[in-house]
Amino acid sequence: MEPPIKPDESDCCNSGCSPCILDVYEDQLRKFRAAKCSSQTLANCLSLTSYSVFRLAATKGHTKDSRFFTFQYVRPEKCRPQSTSTNVVYEPGQYLLFKGRIHGEMFQKAYTPIYVENQVSNCFTVLVKLYENGRASNLFKTLRVGTETLWRGPYGDFRINYEQKHMLFIAQGTGLAPFYNILIKMLSNEDCYCFVTLFFCCQEKNILLRDELYKLKDYWNFQCELFISGPNKHSFDKKYNEIVHFNRITVEDIQRFMESVKGSFKVPICGSQSFCDNIKNILLECNVAKENITVF
Numbered sequence: 000m001e002p003p004i005k006p007d008e009s010d011c012c013n014s015g016c017s018p019c020i021l022d023v024y025e026d027q028l029r030k031f032r033a034a035k036c037s038s039q040t041l042a043n044c045l046s047l048t049s050y051s052v053f054r055l056a057a058t059k060g061h062t063k064d065s066r067f068f069t070f071q072y073v074r075p076e077k078c079r080p081q082s083t084s085t086n087v088v089y090e091p092g093q094y095l096l097f098k099g100r101i102h103g104e105m106f107q108k109a110y111t112p113i114y115v116e117n118q119v120s121n122c123f124t125v126l127v128k129l130y131e132n133g134r135a136s137n138l139f140k141t142l143r144v145g146t147e148t149l150w151r152g153p154y155g156d157f158r159i160n161y162e163q164k165h166m167l168f169i170a171q172g173t174g175l176a177p178f179y180n181i182l183i184k185m186l187s188n189e190d191c192y193c194f195v196t197l198f199f200c201c202q203e204k205n206i207l208l209r210d211e212l213y214k215l216k217d218y219w220n221f222q223c224e225l226f227i228s229g230p231n232k233h234s235f236d237k238k239y240n241e242i243v244h245f246n247r248i249t250v251e252d253i254q255r256f257m258e259s260v261k262g263s264f265k266v267p268i269c270g271s272q273s274f275c276d277n278i279k280n281i282l283l284e285c286n287v288a289k290e291n292i293t294v295f
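Under numbering that gives the first Met the number 0, the sequence shown is numbered contiguously, ending at residue 295.
Any given hint could be a false lead.
With a Cα cut of at most 20 Å, we get these calculated EDC-like pairs of lysine to aspartate or glutamate [said to hold, decoys possible]:
(1) 237 <-> 203
(2) 214 <-> 76
(3) 261 <-> 224
To be clear, the hints were calculated from the coordinates, so they are not data collected in a lab.
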């Protein structure tokens, strides 16, 4: 399915005709987004058990120490039969494994491909935080457009339950990546009546996907709250109607959410091990059922 071509504002005659060309575009765009995230009908150039070669197609700066890297499918590695498909297929929330070598030592690291509007079907994009002395970070810093890399996957079995009335996503740093894909899939589905809240914990200079999350607030069933560590709150540049807290998530924050929903809810968590353990303990202290908590 090809992405719809966006009409000019001048294409609308402003006479109240039905269907309006602008409304038709928005409807087709929603269908395209839903199809983009679906793997039901597409063969996959990726493999769970062997690596595929992807060439670095583009890279773009994001925050002060993170970048977007876009990779394009080239071929299967070694003697694996050539796939009849060049489509990169994954479900929202799934991740890929990157295989690299640095100083003669092989390693693997998981990265979540993120939704990019109108991305061609044989490409995927990851958001990489570049640490000072991180092994994978050091390798990514050396990549140049055209460099060939190895990937396999996708992995992860999270499935969206559209019958759920409330969901609270809690993310730290790049743990936002799998949740962003899930949010796009849920909010783009007109039949989804789930109220979705995101608690995103981050540093002032590293608010990942901030503009993208801000745009999602236009959906009636989405709310995002930022928990910022380390800034001077008086100098923080807050966007219009952006909900910002200058503290870590506490029992009081979870209780406040629970009072607002008045019922059961699911809580996916993604971040560092210590972050996930801490948030899980807070949730249990607030009497959130263990079976309603999912740690990515």
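Quick rundown of the hints versus the structure:
Proposed proximity of residue 237 and residue 203 is supported: the alpha carbons are some 11 Å apart, at most 20 Å. At most 20 Å may separate the alpha-carbon atoms for a hinted pair to count; residue 214 and residue 76 exceed this at roughly 39 Å. For the proposed pair residue 261 and residue 224, the alpha carbon gap of about 19 Å is at most 20 Å, so the pair holds.
Going through the hint list in order, the structure does not satisfy hint 2, though it satisfies all others.
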